[in-house]
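**Student:** Sequence:
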Amino acid sequence: MAEEEIQRLAEQCKNRLNLCDATLGDEYYYQSLPLCVIDAVFSIGIRYTTTRGIVRKFCTAAGWKQFRKHGSDYPPVEEQDSIDNLLALYKGRDFNQISAMYFSRHRTSSSGGILKTEAVKGFCEALRKCGINFYQDLPDKMEDQGLEHSIKAIKGQGSGLSLDYFYMLAGNEGLVKPDRMVIRFVESSIGRGTTSNEASDLVIQACDLLKKDFPTLTPRLLDFEIWNFQKDR
1 MAEEEIQRLA EQCKNRLNLC DATLGDEYYY QSLPLCVIDA VFSIGIRYTT
51 TRGIVRKFCT AAGWKQFRKH GSDYPPVEEQ DSIDNLLALY KGRDFNQISA
101 MYFSRHRTSS SGGILKTEAV KGFCEALRKC GINFYQDLPD KMEDQGLEHS
151 IKAIKGQGSG LSLDYFYMLA GNEGLVKPDR MVIRFVESSI GRGTTSNEAS
201 DLVIQACDLL KKDFPTLTPR LLDFEIWNFQ KDR
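First residue of the sequence shown? That's 1 in this note's numbering, and the numbers climb one at a time after it.
Hints in this document: simulated from the structure, not taken from any laboratory.
Please note: incorrect hints may appear among the correct ones.
[Said to hold, decoys possible] Simulated restraints, written as ranges between beta carbons of each label pair: (1) F229 with V77: 18 to 26 Å; (2) E187 with D84: 39 to 47 Å; (3) M101 with E79: 19 to 27 Å.
[To be verified] Pairs of lysine to aspartate or glutamate residues, derived as DMTMM-like cross-links and limited to a Cα-Cα distance of at most 20 Å, are as follows: (4) K14 with D140; (5) K14 with E4; (6) K129 with D201.
Glycine is no exception: its CB is placed at the ideal position from the N, C-alpha and C atoms.
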């Protein structure tokens, strides 16, 4: 990773993205933490419009509020639905029933993957094992190695991509989700192929350069602007 590549990526971001008016999508302001889990698990490998539809379907079926005010801090605990609330919906039903009622039949992989409905349950159980039930429980646990190990042990979650995206949806400003959109933008900017880990590092370092002109820019916000630019191309 050369300094000139970081500079080149930063210049491409400045030239191609509307960083002056950069703003996060509504999904970064879900009302409750379990919705971040659902989004993070289902969004991997499918179109995000489909993921949005699944989250909307869940909220309608479960009677949950989907979003808090855009740009606002975490809602008070008493205004949130908890991880326990989501796990309670699984009781007495198999994964096929839950998929039909609340989610979809998408799997973590087309070859031997489990239903994403099952992965959501496993993700939530790992959070509860770590003492996480509401947004306010999460910030002190984002570096917890036991939580990371438990999430990555779920079939289809080994890359950690869903976990990082979950943290981003739940408020972590310092991470990047190096999905195919972000990787494509980075590769076109630096003129060569790259890996997901390198693409993430490049975006974070480009963000550091761009802060001189855009002081409120964060890796999370830059990631979203890159994704938003690239998704229709």
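**Student:** For every hint, state whether the structure bears it out.
**Tutor:** Here is what the structure says about each hint:
1. F229 with V77: 18 to 26 Å: About 36 Å separates the Cβ atoms of F229 and V77, which means 18 to 26 Å is violated.
2. E187 with D84: 39 to 47 Å: Since E187 and D84 have Cβ atoms about 42 Å apart, the given range 39 to 47 Å holds.
3. M101 with E79: 19 to 27 Å: Given a distance of about 24 Å, which is inside 19 to 27 Å, the answer is holds.
4. K14 with D140: Violated. K14 to D140 sits at ~33 Å, over the 20 Å cutoff.
5. K14 with E4: Holds, at roughly 15 Å.
6. K129 with D201: Measuring from Cα to Cα gives roughly 30 Å; hence the hint is violated.
Figure legend: structure checked against the earlier numbered hints; hints not met, in rising order: 1, 4 and 6.
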